[in-house]
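Visitor: Please construct the entire structure, taking both the sequences and the accompanying hints into account.
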Amino acid sequence: MKIPALDPSIQQFLDGINQISDRLNRAQREVSTGLRVQQVSDDPDQVSTILQARANLDAAQQIQVNLSRVKAEVDTAEQSLQSAVQLFDRVQTLGAEGATGTQTASSRADLAQELGSILDQMVGLSGTSVAGRYIFSGDSDQQAPYTVDLSQRAP
Amino acid sequence: MGTLFTSLLNSTSALQVFGRSLDVIQNNISNANTPGYAKQSQSLIAAPFDPHAGFTGGVIAGPVISARSEFLEQAVRAQQEALGFAGQKAGDLGLIEPLFDLTSDSGLSGAINKLFDSFSQLSVSPNDAVARQSVIDQAAQTAQSFQQTALGIAQVSDNIVSQTRDTVTAINRIGAQLADFNKLFRANSENAENAGIDALVHTALEELSGLANFTLVKSNDGSLNVYLGGQTPLVTGDHQFAVSADFSSPQTVIRDSQGNDITAQISGGSLGALMEERNSVLPGYLNSLNTLARTLADQVNATLAQGVDQNGATPAVNLFTYDQAADAASTLRVSGITPDQIAAALPNAPGGNGNAIALAQLANAPLVQGFTFIQAYGNLGAQVGRDVASAKQDRGQRQDLLTQTRAMRSDATGVSLNEEAAKLLQFQQAYQAVGKLVGVLDGLTQTLMDIIQ
Numbered sequence: 001m002k003i004p005a006l007d008p009s010i011q012q013f014l015d016g017i018n019q020i021s022d023r024l025n026r027a028q029r030e031v032s033t034g035l036r037v038q039q040v041s042d043d044p045d046q047v048s049t050i051l052q053a054r055a056n057l058d059a060a061q062q063i064q065v066n067l068s069r070v071k072a073e074v075d076t077a078e079q080s081l082q083s084a085v086q087l088f089d090r091v092q093t094l095g096a097e098g099a100t101g102t103q104t105a106s107s108r109a110d111l112a113q114e115l116g117s118i119l120d121q122m123v124g125l126s127g128t129s130v131a132g133r134y135i136f137s138g139d140s141d142q143q144a145p146y147t148v149d150l151s152q153r154a155p
Numbered sequence: 001m002g003t004l005f006t007s008l009l010n011s012t013s014a015l016q017v018f019g020r021s022l023d024v025i026q027n028n029i030s031n032a033n034t035p036g037y038a039k040q041s042q043s044l045i046a047a048p049f050d051p052h053a054g055f056t057g058g059v060i061a062g063p064v065i066s067a068r069s070e071f072l073e074q075a076v077r078a079q080q081e082a083l084g085f086a087g088q089k090a091g092d093l094g095l096i097e098p099l100f101d102l103t104s105d106s107g108l109s110g111a112i113n114k115l116f117d118s119f120s121q122l123s124v125s126p127n128d129a130v131a132r133q134s135v136i137d138q139a140a141q142t143a144q145s146f147q148q149t150a151l152g153i154a155q156v157s158d159n160i161v162s163q164t165r166d167t168v169t170a171i172n173r174i175g176a177q178l179a180d181f182n183k184l185f186r187a188n189s190e191n192a193e194n195a196g197i198d199a200l201v202h203t204a205l206e207e208l209s210g211l212a213n214f215t216l217v218k219s220n221d222g223s224l225n226v227y228l229g230g231q232t233p234l235v236t237g238d239h240q241f242a243v244s245a246d247f248s249s250p251q252t253v254i255r256d257s258q259g260n261d262i263t264a265q266i267s268g269g270s271l272g273a274l275m276e277e278r279n280s281v282l283p284g285y286l287n288s289l290n291t292l293a294r295t296l297a298d299q300v301n302a303t304l305a306q307g308v309d310q311n312g313a314t315p316a317v318n319l320f321t322y323d324q325a326a327d328a329a330s331t332l333r334v335s336g337i338t339p340d341q342i343a344a345a346l347p348n349a350p351g352g353n354g355n356a357i358a359l360a361q362l363a364n365a366p367l368v369q370g371f372t373f374i375q376a377y378g379n380l381g382a383q384v385g386r387d388v389a390s391a392k393q394d395r396g397q398r399q400d401l402l403t404q405t406r407a408m409r410s411d412a413t414g415v416s417l418n419e420e421a422a423k424l425l426q427f428q429q430a431y432q433a434v435g436k437l438v439g440v441l442d443g444l445t446q447t448l449m450d451i452i453q
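So the protein lines, in turn, are chains G and D. At position 70 of the first sequence (counting the first as 1) the number is 70 in this note's numbering, and the numbers step up by one without a gap. At position 325 of the second sequence (counting the first as 1) the number is 325 in this note's numbering, and the numbers step up by one without a gap.
Treat the hints as calculated values from the structure; they're not laboratory data. Cβ coordinates follow ideal geometry from the N, Cα and C atoms, glycine included. A few of these clues could be false.
As the list claims (entries may be wrong) - Label pairs and their in silico Cβ distance ranges:
#: 1; chain 1: G; residue 1: D149; chain 2: D; residue 2: D340; range: 52 to 58 Å
#: 2; chain 1: G; residue 1: F13; chain 2: D; residue 2: I60; range: 32 to 38 Å
#: 3; chain 1: D; residue 1: I45; chain 2: G; residue 2: L14; range: 40 to 46 Å
#: 4; chain 1: D; residue 1: G259; chain 2: G; residue 2: L14; range: 42 to 48 Å
#: 5; chain 1: D; residue 1: R20; chain 2: G; residue 2: R23; range: 36 to 42 Å
#: 6; chain 1: G; residue 1: V70; chain 2: D; residue 2: A326; range: 39 to 45 Å
#: 7; chain 1: D; residue 1: T169; chain 2: G; residue 2: F13; range: 30 to 36 Å
Guide: Written out as structure tokens, the structure is:
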């Protein structure tokens, strides 16, 4: 450590100038960044609060991302269910048509064909996926819930 | 006749005395800016004057008196010691502060937040390979941030070690200087009165006071005995006892020339600050950081162990691993876990997100001595901030006090050019007056001689 050979009154003057310039620097830094606390020593009592607030903000942003993804799934699920409802309406209509006595064997075969294609569509809807996730599969979301296997017979 | 010559003799000796006074003034002015110099003055003594009894009066030059005040020197040294301590601490802790950056999302707090975000994301799509990989990536980032913070503290600690070495070298260098001065004092007692040596000694003592706390005892022969911490001799007479610093253990140990541990005696100056930092302040920070790292790793691992992985099996590999024997923060890393081994589901619902939710909820659980992870980290940052802020404030105050004390010393013992200028005029006039007197006496003597002729 070097002993200053300065006159004490000059030293006092310099100390005062240094203090003013420190305060000026700090004020400029606060104005230019818009932040009052930049280093932990600026206001130690607020550090915990700042970090906790930032963590909460981060978590909230992540929840927003999560919710937008869930919303996409729910929207898609709603559309799929609406389509399924329409398909069931059609199935009901076809069932009523087939039950009347005016049907011939060939027209019933047409109805059966249409029912088959509706079955395919229903199974297709059950396998709706959003971003690689089958939304109607519950926890087994990596596999489609149903597949069509026409070799099975009703018991 | 006899008195006339005596008066002439007296006048010439007065001229000599005033000449000496002028010499002292000249020397004061020359040394107005010399560090450690204390102003001197020529003392004047009136000779006994009683013409009937044969005492002829006149002025005699007394000793040259130094204005040195050991009390004020001691006051300056005390402030210098306090400033040395505060300045060292503020400087070194200032190096720790950037590790706890508040302005950006980088650093440990950002990494911990992102880790819990990745758990939260995993809870939405627990079987997504990308979400699983992201957990591993963020865990690696967190481990790296812990390591970097621990490394930053270790680097400051290394820096303190080398500064301690330099400081001890400087203390021994000053000790050797003082021993040399003591040799001079013992060789010739007049050296104790020598203003030049006196200035050098006091400059050395002031420098030493910035480095460590010591007690000064002056012997009768003018030599100085310096005791570090008031007990351990650094210099006695012309013997120097070199101290040394021992870094073989995590705690810095200062040893005297005999090898005895004198660490507890060093409490002031920059050496005192260096030892406090390495022996208690930095280990305290590291300890908090290690507790945080260990608790985070253990809690995440324990929660993962409660779940099942993508294949419905109990996980065989932990996410985090660290060296149990060493510091947790500096050895924390991610084990060789694969994305499908992350246990996002609970055993009763394989493929589900039950465990991922539990992991995400760790963020808000008071697990580190009653605080959440971020709060615990915030407490550590606040502690560092408080230490830095108080050290900086202390440094500013000590600087002011030192300047004030120096000003006091300068008022009392420094060379005042105004005062010297006034004295110069005073002695000039006196010199001229005596010169005139000599002229008159010379004329009288001449008259007398003429009469005798």
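Visitor: Each of the hints needs a verdict: does it hold here or not?
Guide: Hint check:
1. D149/G to D340/D: 52 to 58 Å: violated, 29 Å
2. F13/G to I60/D: 32 to 38 Å: The hinted range 32 to 38 Å is violated for F13/G and I60/D, with Cβ atoms some 44 Å apart.
3. I45/D to L14/G: 40 to 46 Å: holds, 43 Å
4. G259/D to L14/G: 42 to 48 Å: holds, 44 Å
5. R20/D to R23/G: 36 to 42 Å: Since R20/D and R23/G have Cβ atoms about 52 Å apart, the given range 36 to 42 Å is violated.
6. V70/G to A326/D: 39 to 45 Å: holds, 43 Å
7. T169/D to F13/G: 30 to 36 Å: Holds - the Cβ-Cβ distance for T169/D and F13/G, about 34 Å, lies within 30 to 36 Å.
Comparing the model with each earlier hint shows violations of hints 1, 2 and 5; every other hint is respected.
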